[in-house]
Structures are given as structure tokens and as C-alpha cells.
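*Asks:* Given the sequences, and given the hints that come with them, work out the whole structure.
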Amino acid sequence: MLVFLRLALRRLAMLPVMVLGVTLLVFVVLQFSPADPAYNALGDGASEQARQAFAAANGLDDPLPVRYVRFLGDLLHGDLGLTVPPSAPVADRIATAFPLTLQLTLLGLAIAIVLALVLGITGALYRDRWPDQLTRVLSISGVAVPSFWLGIVLIQELALNRSILPTGGYVNPADSVGGWLRTMILPAVSLAVPVAAGLARLVRTSMVAELDRDYVRTATGNGLPRAVVIRGVLRNALVTPLTVLGLRVGYLLSGAVVIETIFDLPGMGKLILEGVTGGDVALVQGTVLTIAVVFLAVNVLVDLLVLLVNPRVRTV
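First residue of the sequence shown? That's 325 in my numbering, and the numbers climb one at a time after it.
Calculated directly from the structure, the hints in this document are not laboratory data.
In this text the structure is predicted, and so the values were computed from the model without any measurement.
From the three backbone atoms N, C-alpha and C, an ideal C-beta is built for every residue, glycine too.
Among the hints, a few may not be true.
To be verified - Quick list of simulated restraints, FRET-style, between CB atoms:
no.: 1; residue 1: 403; residue 2: 453; range: 36 to 42 angstroms
no.: 2; residue 1: 502; residue 2: 625; range: 40 to 46 angstroms
no.: 3; residue 1: 629; residue 2: 353; range: 29 to 35 angstroms
no.: 4; residue 1: 353; residue 2: 332; range: 43 to 49 angstroms
no.: 5; residue 1: 353; residue 2: 467; range: 26 to 32 angstroms
no.: 6; residue 1: 334; residue 2: 358; range: 39 to 45 angstroms
*Replies:* Have a look at this one:
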């Protein structure tokens, strides 16, 4: 347990350093954006003198290190800047949009985990037989299918052709859980299928490797119930898929940008699209930074979970 705590504290101590690196990367990259904050704020009719005055008043002419330090100071106070006119705090826009993206990501992740476990365990237990061959075909097909294409197909078949589910929109779960699920299930499945397919292959490979180990043969030979053996094998086999799962969360978050646009969901993806098309550097900077920090935090949590479930760490 002491080893686990030491390793956990080491992982947590790295998080602020990684967040600082992400803020620097996002800030520097967006400083080279062709968008002109003065032009966006003042509009087409502003004179060159007015734009220069705006840049001087807002510190846009300061050296890059000075602007970055000022950006960090504002960030520590929760200030992500203002959007282009009509001006609104970026933090408020993100606070409104992020819960939807989080709901979509978590629902997609839950669906992906269930599908991956079912396909991966089935393939491993029926190795080289027809269930294994079927799960392989499904996994390979799922990896090859882009989430946006799957979303379009689901809209066409289940929403337009059969009117089973809505084509898009969003219902707050506080108003109707059933309505929320109806609007979220198609985008969540669209995000989950490629992730589930990749994880299923990892689960199968890890389980096959564990089933071939000597301790499994010994346990089976000693008459240990098969369910108990499989449970022990699964715990050891999930270490690698859990590690990769943190990276897949990044795929879900980035995929949500496109999926939210397809299904007309007012989440972070819509904000990024609005910022890019409108040249709103502050909005793009705030949304990208938020997604990046969430991605880092999730990966640290996954690392802690791997340390917790890995017997080799717990028994040191």
C-alpha cells in the first residue's frame, strides 16, 4: 500500500507540470493564428489607429513571454477572456457547453467499455472458433468505420427512414431522462463503436495471453471453478486495456467536435467550430485548453486505477 501511495503521489505531482506545458503549447500555437483580435473586436469599419490603440490597451503588442505570464495570471483567476462581440466571458460559455460534452463522452465511454468486454471476452473464451471469428470481423469493421460516417448512417436509418429516434437536438436530463437518452444515444453510439472495436482486440489479446499462463492451468487442474479462474484472468488481463482507455478518452473528446455538429448538440464541439469560423482566438483557446486539461486529468486517473488493480504493484 505504501508503494501504491508513493506512485500515486508521483503521478499527481506530474499533473500541474503537464497542465503548464499544455497551456504554453496552446497559447503559443494560437498566437500565430491569422485572426486579428482587434479586427474581430472593432469590426470592419475601424481605422488603423483605432486598431493600434486597441492592441496597445489590451497588451497585444507586448512580448510573447509577457503575454503568456499575463494569460497564466488570468487563468488562475478563472478568466479565459471575452468572446468577440457580442462579448461574453469565455468561461461562462464553456460552463454552459461542457456538461453536455461530458455527458456525451461518459455515455460513449460506458457503451464502448461494455461492447469491448463482451466482444473481447467472447473472442478469448472461444478462441479460433466461430464466435472468435465473428468478434474479430466486428472489431476490424468497427475500427475501420469513421464515427462521423456512422453517425450519418444512424441518422438516415433510425431517424429519417424509421423515425425511431430524433435526428438531433438536446433534452436536459433534469427535464426528461428518457428524452435525454433518446437525443444522446445515437451520437454516443457513433463515438463508442470505433473505441469499443479497438479495446475489444486488446481485451482478447490480453486474455488469451493470460489463459495460456501456468497459473491458469494449475488452478484449473486443481478443480477451481471456471468462473473464479476467469475472474482472476480478467483482472490481470485488463491492465493493458485500462492503460489504453485513457488515450481513447482523447479520441472521444476530439470526436465529439464533429459528432456534436452532425447531431446539432450545443457542446464544446459547437464552441470550437464557432470560434474557428468566427476567428475568435479567446474562445478557441479556452475550449481547447479545457479539453486538453480534462484529457490529462483522465489519464492520470486511469494510471491510478491501473496501479490499484495491478496485483504486481499492490503486493510490492
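*Asks:* It remains to establish, for every hint, whether it holds in the given structure.
*Replies:* Structure-based check of each hint:
1. 403 x 453: 36 to 42 angstroms: Since residue 403 and residue 453 have Cβ atoms about 60 angstroms apart, the given range 36 to 42 angstroms is violated.
2. 502 x 625: 40 to 46 angstroms: violated (30 angstroms)
3. 629 x 353: 29 to 35 angstroms: Hint holds: Cβ distance 31 angstroms, inside 29 to 35 angstroms.
4. 353 x 332: 43 to 49 angstroms: For residue 353 and residue 332 the Cβ distance comes to about 32 angstroms; the hint is violated.
5. 353 x 467: 26 to 32 angstroms: Given range 26 to 32 angstroms: holds, Cβ gap about 29 angstroms.
6. 334 x 358: 39 to 45 angstroms: holds (41 angstroms)
In the structure shown, a violation is registered for the earlier hints numbered 1, 2 and 4, in ascending order.
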